[in-house]
Amino acid sequence: RKEVEQDPGPFNVPEGATVAFNCTYSNSASQSFFWYRQDCRKEPKLLMSVYSSGNEDGRFTAQLNRASQYISLLIRDSKLSDSATYLCAVNDEGRDDKIIFGKGTRLHILP
Amino acid sequence: GAVVSQHPSWVICKSGTSVKIECRSLDFQATTMFWYRQFPKQSLMLMATSNEGSKATYEQGVEKDKFLINHASLTLSTLTVTSAHPEDSSFYICSTGRDFATDTQYFGPGTRLTVL
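Going down the list, the protein sequences come from chains A and B. The numbering of the first sequence is my numbering, which starts it at 1 and goes up by one. The numbering of the second sequence is my numbering, which starts it at 1001 and goes up by one.
Bear in mind the hints are in silico, worked out from the structure with no lab data behind them. Be aware that one or more of the hints could be misleading.
[As the list claims (entries may be wrong)] Cut-off 16 Å, straight-line C-alpha distance, at most; resulting in silico cross-link-like pairs (EDC-like, lysine to aspartate or glutamate):
{"hint": "1", "chain 1": "A", "residue 1": "Lys98", "chain 2": "B", "residue 2": "Glu1087"}
{"hint": "2", "chain 1": "B", "residue 1": "Lys1041", "chain 2": "A", "residue 2": "Asp92"}
{"hint": "3", "chain 1": "A", "residue 1": "Lys79", "chain 2": "A", "residue 2": "Asp39"}
{"hint": "4", "chain 1": "A", "residue 1": "Lys45", "chain 2": "B", "residue 2": "Glu1087"}
{"hint": "5", "chain 1": "B", "residue 1": "Lys1014", "chain 2": "B", "residue 2": "Glu1087"}
{"hint": "6", "chain 1": "A", "residue 1": "Lys45", "chain 2": "B", "residue 2": "Glu1059"}
{"hint": "7", "chain 1": "B", "residue 1": "Lys1041", "chain 2": "A", "residue 2": "Asp39"}
{"hint": "8", "chain 1": "A", "residue 1": "Lys45", "chain 2": "B", "residue 2": "Glu1022"}
{"hint": "9", "chain 1": "A", "residue 1": "Lys98", "chain 2": "B", "residue 2": "Glu1059"}
{"hint": "10", "chain 1": "B", "residue 1": "Lys1041", "chain 2": "A", "residue 2": "Asp57"}
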């Protein structure tokens, strides 16, 4: 089983729609979780950290389910500029602070 | 957040040559830096952990003699791809270790290597 798994997509959704991504992780001891956004040929940029209590930043909401070992990202009122690849990442504490990335989910927002 | 630069941003070289990529943390003292490689439509794969003043730790399957890492200071880590081959063509990205103040890593802009 891969350490971090995501549906690669692509997700093609109309502008204004709500879209949700899930990501599962295999290491139950993982402590820190993140969603990154990566545009084509660019480095990943941190979108949100994911906390046990869940967190919201504008149109973006992230949730963590430790029991089922998955994290989610919800994007409301999607914009054309949201088109990107969204990478789920997990920090395996005790492993030199390594961050393990999923393959990413491609999102295309359609006008 | 901190600023991380990489140089060069892109490079084209002939097969068999060596290429050095620099990663600089401009305003964050990075005792640890990470080197990733990303092939088209693939995720970032961690290659190695670079430790300031000591040897790098390589992930399974990554040849340490081919990908030489030097982390001589808190602001500079270098990755040298020795005897590069076309299959080494990829997007190489470095990052700092975690900034505990912000609970995040800082990524460089990446270096696109094309080996002919």
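Okay, the hints, checked on the actual structure:
The suggested pairing of Lys98 (chain A) with Glu1087 (chain B) is violated, with an alpha-carbon distance near 25 Å, which exceeds 16 Å. Restraint check for Lys1041 (chain B) and Asp92 (chain A): not satisfied, since their Cα atoms lie roughly 24 Å apart, outside the 16 Å limit. Restraint check for Lys79 (chain A) and Asp39 (chain A): the C-alpha separation of about 15 Å stays at or below 16 Å, so the hint holds. Between Lys45 (chain A) and Glu1087 (chain B), the direct Cα distance comes to roughly 26 Å. Violation of the 16 Å bound is thereby established for this hinted pair.
Distance hint between Lys1014 (chain B) and Glu1087 (chain B) is fulfilled; the C-alpha atoms sit about 12 Å from each other, no more than 16 Å. A C-alpha spacing of about 23 Å is found between Lys45 (chain A) and Glu1059 (chain B), which places the hinted pair above 16 Å, so the restraint is violated. Taking the CA atoms of Lys1041 (chain B) and Asp39 (chain A), the gap is about 12 Å. The hint holds against a cut of 16 Å. A hinted pair counts as satisfied when its Cα atoms are at most 16 Å apart, and Lys45 (chain A) with Glu1022 (chain B) does not qualify at roughly 20 Å.
For the hint linking Lys98 (chain A) to Glu1059 (chain B), the alpha-carbon distance of about 11 Å falls within 16 Å, and the restraint holds. At most 16 Å may separate the alpha-carbon atoms for a hinted pair to count; Lys1041 (chain B) and Asp57 (chain A) exceed this at roughly 27 Å.
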